[in-house]
Amino acid sequence: MPKDDKVCKSVETVFEEYGNMLYRIAFVMMKNQYDAEDAVQDVLIKYMEKRRAFEGEEHCKAWLIRVTINVCKNKLRFYRNHPDISMQELSDHYETKEDTEVMEHLLKLPRKYREVLTLYYVEGYQCREIATLLGTTESAVRKRLERGRKQLHERMGGVADV
Amino acid sequence: MSEQWEERLQSAAEQIVMAEPVREQMLAKCMAKRSAAARRKMGCRVAAVVCFICLLLMIPLKIGTEENGISVVVYAAEGEGKWSRIEVGERRKVNPADEDESCYTFRLQLPENHLFEQEGVGLWNDYIHFGNDEIHWYTHKDSDYPQDGKASLRILILDDEGNRVDTLELEMSREGGERYVELRRVQ
Numbered sequence: 001m002p003k004d005d006k007v008c009k010s011v012e013t014v015f016e017e018y019g020n021m022l023y024r025i026a027f028v029m030m031k032n033q034y035d036a037e038d039a040v041q042d043v044l045i046k047y048m049e050k051r052r053a054f055e056g057e058e059h060c061k062a063w064l065i066r067v068t069i070n071v072c073k074n075k076l077r078f079y080r081n082h083p084d085i086s087m088q089e090l091s092d093h094y095e096t097k098e099d100t101e102v103m104e105h106l107l108k109l110p111r112k113y114r115e116v117l118t119l120y121y122v123e124g125y126q127c128r129e130i131a132t133l134l135g136t137t138e139s140a141v142r143k144r145l146e147r148g149r150k151q152l153h154e155r156m157g158g159v160a161d162v
Numbered sequence: 001m002s003e004q005w006e007e008r009l010q011s012a013a014e015q016i017v018m019a020e021p022v023r024e025q026m027l028a029k030c031m032a033k034r035s036a037a038a039r040r041k042m043g044c045r046v047a048a049v050v051c052f053i054c055l056l057l058m059i060p061l062k063i064g065t066e067e068n069g070i071s072v073v074v075y076a077a078e079g080e081g082k083w084s085r086i087e088v089g090e091r092r093k094v095n096p097a098d099e100d101e102s103c104y105t106f107r108l109q110l111p112e113n114h115l116f117e118q119e120g121v122g123l124w125n126d127y128i129h130f131g132n133d134e135i136h137w138y139t140h141k142d143s144d145y146p147q148d149g150k151a152s153l154r155i156l157i158l159d160d161e162g163n164r165v166d167t168l169e170l171e172m173s174r175e176g177g178e179r180y181v182e183l184r185r186v187q
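Chains H and V, in that order, give the protein sequences. Heads up, the first sequence stops at 162 in the working numbering, and the numbers go up one at a time, no gaps. Heads up, the second sequence stops at 187 in the working numbering, and the numbers go up one at a time, no gaps.
Mixed in with the good hints, there may be bad ones.
[To be verified] Cross-link-like lysine-lysine pairs, in silico, BS3-like; alpha carbons within 25 Å at most:
(1) H:73 x H:61
(2) V:29 x H:73
(3) V:33 x H:50
(4) V:33 x H:46
(5) V:82 x H:75
(6) H:150 x H:108
(7) H:46 x V:29
(8) H:75 x H:108
(9) H:50 x V:41
(10) V:41 x H:9
(11) H:61 x V:29
(12) V:29 x H:9
FYI, nobody ran anything at the bench for these hints, they're computed from the structure.
Produce the entire structure from the sequences given, and follow the hints as far as they go.
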């Protein structure tokens, strides 16, 4: 893959382009909107402080995702008693019962499965890329993906054959 | 079935977006934080520059007055209650501080709990009176004494235990009826 030119975007541009993606990842990890917003804000501040040029768009995006995951992990470590979003709030958010259900089941999975499933199915990353983002091995990501998929499938009333 | 939940998961996740007021508020907070950081950075730079200037200003003051960690300052009376500082290594013309025009007065500023003692090196027949922190040097004006020449006074600086911590030498010269003084540090 050819290398892109150096990328050095303003925080406004980064927020415009990746704000919702970062919020999505933070929300799935933190399981409530307020902690997710805090996490995204921390990431933007880190981005401002970093003031670095990235190797390309993908490098910039990967850096933001990695920092978001790390910020969320830190928050989860230090604020163990953070409230999860209530099912009522979740159903208010979605128009269809199916969307509410799938999100509810996703949020009930252990964090390591949630993050892998989100990066794979929602953000479209490959196992190798997810391994780099999470600082783990590709086989570990495949294992987590398999188990997460299985658990989610079972929770949703499907047959555990995935 | 499998494909269904995957698509549903993607669709549900993509509906997780920040509300517009939250986005604006978040960006505003970031901007405020950036401004505060910039101000802090500027403040640090200004403080560093001020410290640097102070340091530069202190260097000439320190030279010649501080040796072995102690600071001694010598002043010469200029008349009319005025005093001027004599730097170590400096030679300058001095004016008499009395009406008779024979007394030259010097004042020593010593660190706390320090004293001074005198040691004449060559004083002609001048009379020297020592006060608490002042030296009054009465010079002869008689024509019997040579009008040109030098006389020195050693000032020994002692700490509270009587140990000598510094030695200065005040040299008075007579040149064509004028008086010059030079302050030296004796190693």
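Hints, verified against the model:
1. H:73 x H:61: 18 Å, holds
2. V:29 x H:73: Satisfied, since the Cα-Cα distance of roughly 22 Å is no more than 25 Å.
3. V:33 x H:50: 14 Å, holds
4. V:33 x H:46: Satisfied, since the Cα-Cα distance of roughly 11 Å is no more than 25 Å.
5. V:82 x H:75: Not satisfied, since the Cα-Cα distance of roughly 68 Å exceeds 25 Å.
6. H:150 x H:108: 13 Å, holds
7. H:46 x V:29: Holds: residue 46 (chain H) and residue 29 (chain V) sit about 13 Å apart, inside 25 Å.
8. H:75 x H:108: 18 Å, holds
9. H:50 x V:41: 15 Å, holds
10. V:41 x H:9: 22 Å, holds
11. H:61 x V:29: Holds, at about 22 Å.
12. V:29 x H:9: 18 Å, holds
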